[in-house]
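Top line first, the protein sequences correspond to chains C, V and D.
One point on numbering: in our numbering, the residue at position 113 of the first sequence is 113, and numbering is uninterrupted.
One point on numbering: in our numbering, the residue at position 265 of the second sequence is 265, and numbering is uninterrupted.
One point on numbering: in our numbering, the residue at position 60 of the third sequence is 60, and numbering is uninterrupted.
Read the hints as simulated data drawn from the structure, not as lab findings.
All C-beta atoms, glycine included, are put in the ideal place defined by N, C-alpha and C.
Heads up, some of the hints might be wrong.
Just some of the chain C residues that point at chain D, by a computed CB distance under 7 Å [said to hold, decoys possible]:
#1 Leu31
#2 Val38
#3 Ala69
#4 Val96
#5 Ile107
#6 Glu131
#7 Ala142
#8 Leu146
Facing chain D, a subset of chain V residues (Cβ under 8 Å, in silico) [what the hints assert, rightly or not]:
#9 Gln653
#10 Arg656
#11 Pro657
#12 Gln658
#13 Arg662
#14 Gly665
#15 Gly667
#16 Ser669
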Amino acid sequence: MIPLLLISPLILLAALGAVWKARPVHAALLLALTLALVAVLYLTIGAEFIGLVQFMVYVGGVAILIVFALLITRPGDEAAELARRPRSLAVGLACVAPVLGLLLYAISKGLPAETTVEANPALPVQALGVELFENSVPAVLAVGVLLTAVLIGAALFARETGEASEPPASR
Amino acid sequence: MADALSPHLPYLLWLVPLLPLLAGGITAFMPNRMGRPASWLALGALLVSCVIAVAALACSLAPVHEHAAPTPPVYTWFSFGDVALQVGLVLDPLSAAMGAMVTFVALWIFIYSTGYMKHEARFGRFFGFLSVFSGAMLLVVYSNSLLLLFMAWELVGLASYLLIGYYFEKPAAAAAAQKAFITTRVGDMAFFLGMIWLYGQTHTLLFFDHGHGLLETDVLASLAGITTIGGLTVSAAAALLLLVGAMGKSGQVPLHTWLPDAMEGPTPVSALIHAATMVAAGVFLVARAHPLFMNSGITGLPLTATAWIGGITALYAACVALGQNDIKRILAYSTVSQLGFMMVALGTGGVAAAMFHLIAHAFFKALLFLSAGSVIHGCHDEQDIRRMGGLARTMPKTFFAYAIGMMALAGFPFFFSGFWSKEAVLHQAEIWPGGHGPFLLAATAALLTAFYMTRQALLVFFGKPRSPGVSHPHESPPVMLVPLFVLAAGAVLLALVGTPAWPWFEEWITGESAVFNIGVLAKPEALKLIGLSLALVTVGVSASWLVYRNPSSDSRVPDRLENQLGGVWTFLGDGMRFDATYDKFIIAPLAALARGVDAIERQGFVPLMALAEGLIKRVGRWTGSADEKGLNDGFNQVCSGLQGSADSASACQSGRPQAYLRAIGLGTSVLLILYFWLIA
Amino acid sequence: MTPLPLLLTLSALLFVLGLFAVLSRRNAILVLVGIELMLNAANLNFIAFWRYGPPVADLTGPLFVLFSIAIAAAEAAVGLAIILMNFRRTRSTDLNRLDSLHG
Numbered sequence: 001m002i003p004l005l006l007i008s009p010l011i012l013l014a015a016l017g018a019v020w021k022a023r024p025v026h027a028a029l030l031l032a033l034t035l036a037l038v039a040v041l042y043l044t045i046g047a048e049f050i051g052l053v054q055f056m057v058y059v060g061g062v063a064i065l066i067v068f069a070l071l072i073t074r075p076g077d078e079a080a081e082l083a084r085r086p087r088s089l090a091v092g093l094a095c096v097a098p099v100l101g102l103l104l105y106a107i108s109k110g111l112p113a114e115t116t117v118e119a120n121p122a123l124p125v126q127a128l129g130v131e132l133f134e135n136s137v138p139a140v141l142a143v144g145v146l147l148t149a150v151l152i153g154a155a156l157f158a159r160e161t162g163e164a165s166e167p168p169a170s171r
Numbered sequence: 001m002a003d004a005l006s007p008h009l010p011y012l013l014w015l016v017p018l019l020p021l022l023a024g025g026i027t028a029f030m031p032n033r034m035g036r037p038a039s040w041l042a043l044g045a046l047l048v049s050c051v052i053a054v055a056a057l058a059c060s061l062a063p064v065h066e067h068a069a070p071t072p073p074v075y076t077w078f079s080f081g082d083v084a085l086q087v088g089l090v091l092d093p094l095s096a097a098m099g100a101m102v103t104f105v106a107l108w109i110f111i112y113s114t115g116y117m118k119h120e121a122r123f124g125r126f127f128g129f130l131s132v133f134s135g136a137m138l139l140v141v142y143s144n145s146l147l148l149l150f151m152a153w154e155l156v157g158l159a160s161y162l163l164i165g166y167y168f169e170k171p172a173a174a175a176a177a178q179k180a181f182i183t184t185r186v187g188d189m190a191f192f193l194g195m196i197w198l199y200g201q202t203h204t205l206l207f208f209d210h211g212h213g214l215l216e217t218d219v220l221a222s223l224a225g226i227t228t229i230g231g232l233t234v235s236a237a238a239a240l241l242l243l244v245g246a247m248g249k250s251g252q253v254p255l256h257t258w259l260p261d262a263m264e265g266p267t268p269v270s271a272l273i274h275a276a277t278m279v280a281a282g283v284f285l286v287a288r289a290h291p292l293f294m295n296s297g298i299t300g301l302p303l304t305a306t307a308w309i310g311g312i313t314a315l316y317a318a319c320v321a322l323g324q325n326d327i328k329r330i331l332a333y334s335t336v337s338q339l340g341f342m343m344v345a346l347g348t349g350g351v352a353a354a355m356f357h358l359i360a361h362a363f364f365k366a367l368l369f370l371s372a373g374s375v376i377h378g379c380h381d382e383q384d385i386r387r388m389g390g391l392a393r394t395m396p397k398t399f400f401a402y403a404i405g406m407m408a409l410a411g412f413p414f415f416f417s418g419f420w421s422k423e424a425v426l427h428q429a430e431i432w433p434g435g436h437g438p439f440l441l442a443a444t445a446a447l448l449t450a451f452y453m454t455r456q457a458l459l460v461f462f463g464k465p466r467s468p469g470v471s472h473p474h475e476s477p478p479v480m481l482v483p484l485f486v487l488a489a490g491a492v493l494l495a496l497v498g499t500p501a502w503p504w505f506e507e508w509i510t511g512e513s514a515v516f517n518i519g520v521l522a523k524p525e526a527l528k529l530i531g532l533s534l535a536l537v538t539v540g541v542s543a544s545w546l547v548y549r550n551p552s553s554d555s556r557v558p559d560r561l562e563n564q565l566g567g568v569w570t571f572l573g574d575g576m577r578f579d580a581t582y583d584k585f586i587i588a589p590l591a592a593l594a595r596g597v598d599a600i601e602r603q604g605f606v607p608l609m610a611l612a613e614g615l616i617k618r619v620g621r622w623t624g625s626a627d628e629k630g631l632n633d634g635f636n637q638v639c640s641g642l643q644g645s646a647d648s649a650s651a652c653q654s655g656r657p658q659a660y661l662r663a664i665g666l667g668t669s670v671l672l673i674l675y676f677w678l679i680a
Numbered sequence: 001m002t003p004l005p006l007l008l009t010l011s012a013l014l015f016v017l018g019l020f021a022v023l024s025r026r027n028a029i030l031v032l033v034g035i036e037l038m039l040n041a042a043n044l045n046f047i048a049f050w051r052y053g054p055p056v057a058d059l060t061g062p063l064f065v066l067f068s069i070a071i072a073a074a075e076a077a078v079g080l081a082i083i084l085m086n087f088r089r090t091r092s093t094d095l096n097r098l099d100s101l102h103g
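Start from the sequences, fold in the hints, and give me the full structure.
Below is the structure:
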C-alpha cells in the first residue's frame with residue numbers, strides 16, 4: 001500500500017508534464033518516465049512479468065520510437081512551434097470533465113464486494129506461458145501476423161519515395 | 001318535246017341561274033393569266049343557261065288551258081321552330097320571257113366582250129363578275145320567293161358595283177361605283193321594309209304557293225282589307241315601298257343620279273347591266289308584284305304613283321339627254337327615260353306593254369351601247385361626240401347596226417319593235433282613267449327621244465371628222481360585229497310579235513288567246529295612236545335635222561342648241577343640277593357629321609385611351625418593381641439567410657480531427673450520463 | 001483507502017489526462033503520446049482488478065495486458081509511419097493543417 005501511495009502521485013505528475021509541456025521532446029521523455037514509473041508500479045504489486053514487458057516494449061520501444069519520430073519531424077522554426085500552446089485549456093477540460101465524472105462515478109458504484117489485500121500472488125510465468133501457447137494459440141498467431149503486417153506496412157509507409165519531399169501544391 | 005321536258009323543268013330551271021353563278025365562283029379561284037379559259041367557262045355556262053331558258057320558254061308557250069295558277073315545288077331554306085322560310089323558282093310567262101331575253105342578250109354581249117376587252121389586264125375577273133351578275137339576275141327573274149328575289153337583287157347590285165368600278169385605278173370610276181351602290185341602297189332599304197311588312201302580315205314570302213302565296217287572291221284580299229297609316233291599306237303601303245326599291249334600281253327620279261356616272265364602267269357592262277337587264281329589274285319587280293299594286297284598295301295610289309313617277313322621269317331624262325356630249329351619257333339618260341316609259345305602262349295597267357317595251361328596249365339599247373363601244377374602240381377611245389363625225393363612211397358596218405338601234409329607239413314606224421312598243425305604252429297611258437298627265441309626259445318624251453337620237457346620229461356619223469383620232473378609225477373585228485347584227489335582227493323581228501294586229505305577246509302574258517287580225521289596225525283608236533306616234537317621230541327627227549344638219553368641222557364650236565338656249569342648255573347638261581343639290585343637302589351634312597364624330601374620337605376618345613394606357617403602364621411598372629424588390633429581393637434575402645446559416649453550420653465542419661474527436665467524446669459522455677441518470 | 005479504489009482512480013486520472021492530450025495537442029506525435037497514456041490507463045485497470053479484485057484463479061488480466069501492450073506497440077508504429085508520410089507531404093505535424101474535410 002505504501003509504495004502505491006508513493007508512486008501514484010509521481011505517475012500523475014509525470015503524466016501531467018507529458019500532456020502539458022510545450023516542447024515535444026520534453027513531453028516525450030516525460031511519457032517515457034511515466035511509462036517507467038507504471039512499470040515500477042507493476043513490479044511492486046506482483047505483476048513482475050508484466051512490468052518487465054512494459055519496460056521493454058513501452059519504454060524501450062514505443063517511447064524511443066516517439067522520440068525518434070519527433071527528431072525526424074523537427075520543424076525548421078522551433079520558436080514559432082513552441083509558441084503554440086494547446087488551444088484552450090477550458091475547452092479541453094470541458095470535454096474531459098464529463099468523462100472523468102463518469103469514470104469516478106463508475107468506480108464509486110462498481111467496486112466489487114470482496115477484494116484481495118493479502119500478499120502478492122506472484123504472477124506464475126510458466127502458467128502464463130502455458131496459458132498463452134496452449135489455450136490461446138490463435139490469438140498469439142494473430143498478434144504475430146499483425147506485428148508482421150505492421151512491420152511491413154510501416155516500412156512501406158515510411159520509406160523514402162522520389163516525389164515525397166515536395167510540399168503539396170494546395171498550400 | 002314540250003311534254004317530255006315539262007316534268008323535269010322545275011329542276012332544270014335551277015340550272016339557269018346556278019350555272020353562271022358557279023362559273024363566276026370558279027373564275028374567282030383562277031389565276032390572272034387564265035383569262036381566256038375563264039371567258040370560255042363563262043360563255044359555256046351562259047350558253048347552257050340560254051338553251052334551257054329558251055326551252056323553258058318554249059314549254060310555257062303551251063295552250064292556254066294548261067295555264068292554271070303555277071304551282072312549282074318549293075324548298076324550305078331554313079326554319080326556326082314552326083316558322084319556315086321557303087324558296088323556289090317559278091316558270092310563268094313573265095319569268096319565261098324575261099329569262100330567255102336576259103340569257104340571249106347576255107350571251108351575245110359576252111361574245112362581244114371577248115373582243116372588246118381583249119387587251120384588258122383583268123380579263124378573267126371581268127368574266128367572273130359578268131357571270132355572277134348573270135346568275136343573280138336570272139335568279140331575280142325566276143324566283144318564286146320575295147326573299148330569294150331580294151337576295152339576288154342585292155347580289156346584282158354588288159356585281160354592278162364591281163363592274164362599274166372595274167377600272168378602279170381611276171378615281172372617277174371608284175366614286176361612280178360607290179355612288180351607284182349607295183343610291184340603290186336607299187331603294188333597297190325601302191324594299192326590305194316592304195318585304196318585312198308583307199311577311200309580318202302574311203307569314204309567307206312565296207309568290208305562288210297553292211293559293212296561299214303573296215300574289216294569290218286569298219292573301220291579296222286579306223292584305224287589302226287591313227288599313228294602316230295614312231289610310232293606306234297594307235298592300236298599298238307595301239307596294240309603295242317596293243316601288244321605291246324599284247326606283248332605286250331602275251333609276252327613276254330622284255334616285256337616278258347613279259346611272260349616268262355608271263358609264264365609267266366598260267361599255268359591255270353599260271350595255272348589259274345599265275341598259276338591258278339590271279335596270280330592268282326594277283320594272284320587273286313592279287311587273288311581278290303587279291297583283292299587289294292592283295289590289296291595294298280604292299285609291300289605287302301605288303299605280304298612280306308609278307305612272308306619274310315614270311312620266312316625270314321620262315320627260316326629265318329626255319330633256320337632260322339633249323345637253324349631253326358624251327356618247328355613252330346620252331344613251332344612259334335615254335335608258336332612264338325609257339325606263340320611265342315602262343313605269344308609265346305599269347302604272348296605267350299595261351303589264352304586257354311594259355314587258356314588251358322592256359324586252360324590245362333590251363335589244364336595241366344593248367345594240368346601241370355595243371355600237372357606241374365599237375365607235376369608241378375604233379376611234380381610239382374617243383367618247384366626245386363633238387370630236388367625232390363622218391363615221392358612216394369610215395365605219396359602215398357599225399353604222400348599219402347603230403342605225404337600226406337608233407331607228408328602233410326613236411320609234412321609226414312599222415318595221416322596228418321600238419315603234420310598236422312605244423305605241424303600246426302610249427295606248428295604255430291614253431286610256432288610263434286616272435288622267436292624261438302621264439300620257440302627255442310620255443308623248444313629249446317620245447318626241448324628245450327622236451330629237452336627241454337624231455342629234456347623236458348626225459354628230460357622230462355624218463359630216464366631216466372633227467378630230468384627228470376620228471379621221472382614220474378601224475372597223476371592229478367580227479367577234480364584235482356579229483353580236484351587233486344578231487341584236488339588230490332581234491330589234492326588228494320583235495316588231496312582229498308586238499303589233500296590235502297580232503297581240504300575241506300581250507295575250508300570252510295576260511293569259512288569253514292571241515288572234516292575228518290585221519283588221520285591228522284599221523280601227524279608229526288604233527289608227528289615232530299610230531298616227532300620233534308617226535307624228536311624234538317625224539317632228540322630232542325633222543327638228544333635229546334642221547338644227548344639226550351639216551355639222552361644222554370644228555369641234556370647238558359650241559352646240560347649236562346651246563347658242564339658242566344658253567344657260568338652259570348648261571342646266572340640262574348638268575342633269576338639272578340634281579347631283580349638286582344632293583351634294584349640298586345630303587352629302588355635305590353627312591360629311592360634316594362624320595368629321596364631327598372623328599373629332600370627338602380624336603379629342604375625346606384617343607386621349608382617354610392614352611390615359612388608360614398610361615395607367616396600365618404605371619400599374620405594370622409598380623407590379624414589376626414589387627416583384628423585383630418584394631419577391632426577388634425577399635427571396636434573395638431568404639436565400640442568403642439560408643446560406644449564412646449554412647455557412648455558420650458548416651463552420652462546425654472544420655476538418656480538424658481534434659474538433660471531431662471532442663464532439664464525439666462530449667456526445668458520448670453526455671449520452672452515458674443521461675443513461676445512468678435516467679435509466680440505470 | 002484500499003488499494004483497488006486508489007489504483008482505479010489513478011487509472012481514471014491517467015485516462016483523462018491522455019484524453020486531454022488527444023483532444024488538445026497540436027502536434028500529431030504528442031497526440032500519440034496521449035493515446036499511449038490512455039492505453040496504459042486501461043492496462044493498469046486490468047492489473048488492478050486481477051491483483052486486488054475478487055480472487056480468481058485464471059490469468060485473464062495479465063494475458064490481456066500482454067496482448068494490449070503488443071498491439072499498442074504495433075499501433076504506435078503504424079501511427080508514426082502515417083505521421084511521417086504526412087510530414088513528407090506537408091512539412092508539418094500540425095494536426096490543424098489536416099482540414100481538407102473542411103466544409
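Results for each hint:
1. Leu31: Holds: closest Cβ of chain D sits about 5 Å from C:Leu31, inside 7 Å.
2. Val38: Holds - the Cβ of C:Val38 comes within 7 Å of chain D, reaching about 6 Å at its closest.
3. Ala69: Constraint on C:Ala69 satisfied, holds at 4 Å.
4. Val96: Constraint on C:Val96 satisfied, holds at 5 Å.
5. Ile107: Constraint on C:Ile107 satisfied, holds at 5 Å.
6. Glu131: holds (5 Å)
7. Ala142: violated (9 Å)
8. Leu146: holds (6 Å)
9. Gln653: Check passed: Cβ of V:Gln653 comes within 3 Å of chain D, closer than 8 Å.
10. Arg656: Since chain D brings a Cβ to about 5 Å from V:Arg656, closer than 8 Å, the hint holds.
11. Pro657: Hint holds; V:Pro657 Cβ to chain D Cβ min 6 Å, cut 8 Å.
12. Gln658: holds (6 Å)
13. Arg662: The hint holds - V:Arg662 has a Cβ within 8 Å of chain D, the shortest such distance being about 5 Å.
14. Gly665: holds (7 Å)
15. Gly667: Hint on V:Gly667: violated, closest Cβ of chain D at ~13 Å, above 8 Å.
16. Ser669: Violated: closest Cβ of chain D sits about 10 Å from V:Ser669, beyond 8 Å.
The structure fails to meet hints 7, 15 and 16 from the earlier list, while all remaining hints are met.
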